[in-house]
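Visitor: Residue-level listing of the chains:
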Amino acid sequence: MNTSKQIVTPKEFLFAVEEDDKLPLDCGRTLRNVTLKYETYGQLDKDKRNAILILHALSGDAHVCGYHSPSDDKPGWWNEMVGPGKPIDTNKYFVICSNVIGGCSGSTGPRSINPETGKPYNLDFPVLTIADMVRAQQRLIEYLEIPELLAVVGGSMGGMQALQWSISYPEMVHSVAAIATTAQLSPQSIAFDWIGRSAIQYDHEFVNGNYDDEFPPEHGLSIARMLAHVTYLSDESMAKKFGRGLQNSNSYTYKFDRDFAVESYLRYQGQRFVERFDANSYLYITKAMDYFDLSALGNGSLTQAFAGARANYLVVSFTSDWLFTTKQSEEIVRALLNNSLEVSFCEIESSYGHDAFLLEIETLGRIVSDFLRNQLMEWRKDECK
Amino acid sequence: MNANDAVKYVQERPDLMAIADLIPEGARVLDLGCGNGLFLKYLVETKHIRALGIDISQEAIIQCIDTGVPVIHGDLNEKLDFIKDQSFDYVILSCTLQEMVYPHRLLQEMLRIGRNAIVGVINFGHIRNRFQILFYGKMPVSKRLPHQWHSTPNIHLGTLKDFKHLCRELDFKILKTIPLSAQNRKEHRLSRLWPNMLAVNCVFMIAKRRKSFEE
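Residue numbers (the numbering used here), protein chains in the order written: chain A, 1466 to 1850; chain B, 27 to 241.
Note that these hints are calculated values from the structure, not bench results.
By construction, the Cβ of each residue, glycine as well, lies at the ideal position given by its N, Cα and C atoms.
Treat each hint with caution, since some may be false.
[Unchecked claim] Not the full set, but computed from the structure, chain A residues with beta-carbon under 8 Å of chain B:
(1) 1673
(2) 1730
(3) 1795
(4) 1798
(5) 1809
(6) 1810
(7) 1823
(8) 1825
(9) 1827
(10) 1835
(11) 1836
(12) 1845
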C-alpha cells in the first residue's frame, strides 16, 4: 500500500476582469476581479465524463483531501471520503473542490481589496446568495472546459449549492449528491444565524466590519461558533462524548469559569475557529444561507423550482440531524419525484447530529461511491446506444 | 450486484416470475418493500421499465444503490403522499401486505399512486395451516410463516377469500388471479383447482372500478 502523502497544490482562478465580463449578483450589484480558490485531484478522462465537483459547508474550503506539503499534518476536510482508493476515488474520477466567494480561504470575499477604492470591501461587499456562489463556480467549470459534470456533491451548505447547480445549470449536471441539506433554511436555523451574527456585531472590536486584522472581533466570532457548533451535534452525541463530566477537578468550583467538559470543548472550538475564520465572512455566508429558498424560484412551489432540472439525484439525511432534518430532505425528494426525476433517498442511522456527514464515512461512503459508479456506468452505456 | 444476480434471484421465486409476466415493456413500476432491488433490476433489464423502490431498511437502501435501482427510504405504514396520484402504471407489493398495520389503507394508497396494483398474498387458508390449527390447536408455523405467534411481523394474516372480500369492499376489481404452490409447475396447476385450500400464495392484479364505464 502506498502510504506516502498525497500532495496537492491549491490553484486560483481569476475572472470577471473585463468590464463586460463582470459577475452579476442576485442583489443587483456586480463583482469585478473575482478570484476562486480551488483544488483538483486525479485525471480528466478523454470523454470528460468523470468530473466531480465537490462543494464545502460554511467553514470549509477548497482543500477537500490530501496535504499541502510533506510536512503538513492536517489533511483536507473530507479526507476519509475523497482520495485514491477512497469512496470518491481520485484514481477513477477527476475531482474539483471549489471554495465559495464571500469566504476567507483565498477566494474573493469581504476582506478582499475593492478594485474601485483600493481598500478592503468589508461591509461594502455585496450581500451574496447561494446562487451567486454557484454562478462563480460555473465560470470555473467553463474555464476547465468541462461541458457536463458527472456529479455535484455537497453536504450541508455544499448540498444547497449542489441543488442550486442542478437548477441554475441543468445541462451541466448529470447527477447530484445532496447530503444533510435542505431546500430552504427553516426559521429555527435563521434564528441561530441571527444570534451568531448578533454576537459578532455587538463585539466592540467589530467596528462595523472595519476591524483591524490584528484585532478582529474574536469574542463575537467565537460565541457564534460555539452556538453553531451545538447545532451540529446531538443531545445523544454530547451525552456520549461529555456526559456531565467535569474538566479539571472532581468537584464544582462554585465559580463562573468552566466546570464541565462540554464547556471546555466549546471554548476550545470557539478559539480555534477564530484563528482560521473571518468575522465578516461569517456574516456574509450565514446571510447567504438564510436567503436560500429554492421554492422561491418556483413562486413558492419547490416542485416548480425543479421543473427545468434533469439530473439524477441522491439525497441523504441522518436520523439525529436536527439542523437539516430528514423531513427537509423528504421535501426535496417529493419535489424531485413530482418532476419524474430519478432520485434515491437514504436516511442513515446516526447519533452524530448534523456533523454525521463528516463522520459516518463507512455508510455514507458506500452509498456515494456506489451511486457515482452506477451514474458513470449508465452515462457511458447511454452513449453506446 | 449485477444483472446476472438479478436473473438468478428472480428465477428462484415463482411469485416474482408470475409478477414479472404481468408487466409490459417500458412500464413505470413502483415496488413497495423492494428489498435488495434485484427484482426491479430484473425488470429494468428484461422489460426496460422505469423503476422506483421503497423500503424501510437502511441495508436494503444501500443494496439498491449498489444494484443501481432508484430507491426511497420510507415506511409503508406512513402515508406515501410524496408520490403523485396515478404516477405509476404498476405498484407492486409482494408478500408484505400481512405486515402492515392497516393493509386496506396501503391497498388504497397503491391504487391512488398506480393505475394497477399487483399484490402477492400469503394464503393463511392453505391446507397445511388449516391442519395445524385443527389437529395441534396451535397457530401455524411453516417455511412461509416461520415465526411464533407472539414474535411474528405477520400481524394481519388472511386467506385468499379474505383478500377477495376486501377488494369487493374497497370497490376494486380483480383483473388477474394467479394461485401458486411451492416450487414446481405441476403443483401450480393443482393449486388452481381450489386456490383457497391448495395455493401457498397468490398474485392478484387489481384496479379501481371505473364508475363511468358501469353507469
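Visitor: Now tell me, hint by hint, if it's right for this structure.
Guide: How the hints compare with the structure:
1. 1673: 46 Å, violated
2. 1730: 30 Å, violated
3. 1795: 6 Å, holds
4. 1798: At about 6 Å, which falls below the 8 Å cut-off, the nearest Cβ of chain B leaves the hint on residue 1798/A intact, so it holds.
5. 1809: Given a least distance of 5 Å, the restraint on residue 1809/A holds.
6. 1810: Result: holds, 5 Å to nearest chain B Cβ.
7. 1823: Since the shortest Cβ distance to chain B is 19 Å, the answer is violated.
8. 1825: 11 Å, violated
9. 1827: 11 Å, violated
10. 1835: Since chain B brings a Cβ to about 4 Å from residue 1835/A, closer than 8 Å, the hint holds.
11. 1836: Given a least distance of 5 Å, the restraint on residue 1836/A holds.
12. 1845: This hint is violated: residue 1845/A lies away from chain B, its Cβ roughly 13 Å from the closest one there, beyond 8 Å.
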